[in-house]
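Q: Residue numbers 1 to 239, in the working numbering, belong to the letters of the sequence shown in order.
Worth double-checking, as some hints may not be accurate.
Think about it this way: if two alpha-carbon atoms lie no more than 27 Å apart in a straight line, the pair counts; the simulated DSSO-like pairs of lysine-lysine are [said to hold, decoys possible]: (1) Lys-121 x Lys-146; (2) Lys-86 x Lys-160; (3) Lys-105 x Lys-35; (4) Lys-175 x Lys-154; (5) Lys-106 x Lys-154; (6) Lys-77 x Lys-94; (7) Lys-77 x Lys-182; (8) Lys-35 x Lys-88; (9) Lys-103 x Lys-77; (10) Lys-106 x Lys-94.
These are computed hints drawn from the structure, not numbers from a lab. Quick caveat, the model's predicted, so the values are computed rather than measured.
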Amino acid sequence: MRSLLIAALLIASPILQALELTPYTASYHFNLDNKLSGTATRILENTGNNNWRYTFTATTAIASATETSNFRFDGKKVSPVSYKRKHKVLFISKNTEVSFDWKNKKATTRRDDKQGFYALKNGAVDPLNFEVQMRRDIIDAGNVAKAYLIADPKRMNEQKFVIDGDEVIDTPYGKISTIRVKRIHEDPERHTTFWLARDLGYIPAKVIQDDDGAIYTLQLNSLTGALAKAELPPAPATL
C-alpha cells in the first residue's frame, strides 16, 4: 500500500503545445480506489537563459510527495541539470536526487545517505522533464518517440508510450477534447493512460493507472497561466 501510494502521488504530468514552453500552474484532484483522495499541482517556471524549473507536489491526509526538475531547453531538446524527489508517508520520509554532468557523461545519484554513479547516454531525460521532450515530439512529428531514456535515482531505463486515439471527456475543468496516450508496461497487470487536452497545450486532463487492480485516477481541476482559457472551445461532435 505504501509503495502504491507513492507511485500514485508521482504519476501525472502535463504536455505543452507551442514552439516555446509556457509557464503555467495546473491543479488536479486524485483518487485511489475510492479510499484515499487528495490534490496535486504542477508548476512550470522560466528561470532565465533557456533554464526551466518543473515542480510537482501531491498531498493526502497521510502522505505527500514533491518532485523538482531543473533543465535546459533549446526549443527542441531537453537537457536535465538536476532532479530531486521527496516523499513522506506518516512519519517516514525518503529523499533521492540526480545531478547531471554532461561534459563527462556521468550521473551522480543520492538516495538518502547513499551516493552512486552511472554513465549517461545522449538524449537521456529525468523522470519529470521527459514529458517536455514528449511534447516536442508530438508537436514536431505528430507522435511520441519509440522510447525515452529516463535517468532516475537508480539507473537509466527505457519507457515506451503509444498514441491510442481521440476522446472527448468531462472533467471538473469542463468538457475537453483529448488524445489518449498509453504507457507500455513490461508487467501485463499494469496499465497507464493519459488523456491530453488538445486546446490546453496537451496537458493531462485525466490520468488513470491500474496497478494490479489498484486504480488511481487524476483529473484536471484548474489551470492558470498563458495556457488557461476563460472558456473552452466547443468539443467536436462525436458519432
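Q: Next step is simple, just say for each hint if it's right about the structure.
A: Here's how the hints hold up against the structure:
no.: 1; hint: Lys-121 x Lys-146; result: holds (16 Å)
no.: 2; hint: Lys-86 x Lys-160; result: holds (25 Å)
no.: 3; hint: Lys-105 x Lys-35; result: violated (44 Å)
no.: 4; hint: Lys-175 x Lys-154; result: violated (39 Å)
no.: 5; hint: Lys-106 x Lys-154; result: holds (13 Å)
no.: 6; hint: Lys-77 x Lys-94; result: violated (30 Å)
no.: 7; hint: Lys-77 x Lys-182; result: holds (22 Å)
no.: 8; hint: Lys-35 x Lys-88; result: holds (18 Å)
no.: 9; hint: Lys-103 x Lys-77; result: holds (16 Å)
no.: 10; hint: Lys-106 x Lys-94; result: holds (23 Å)
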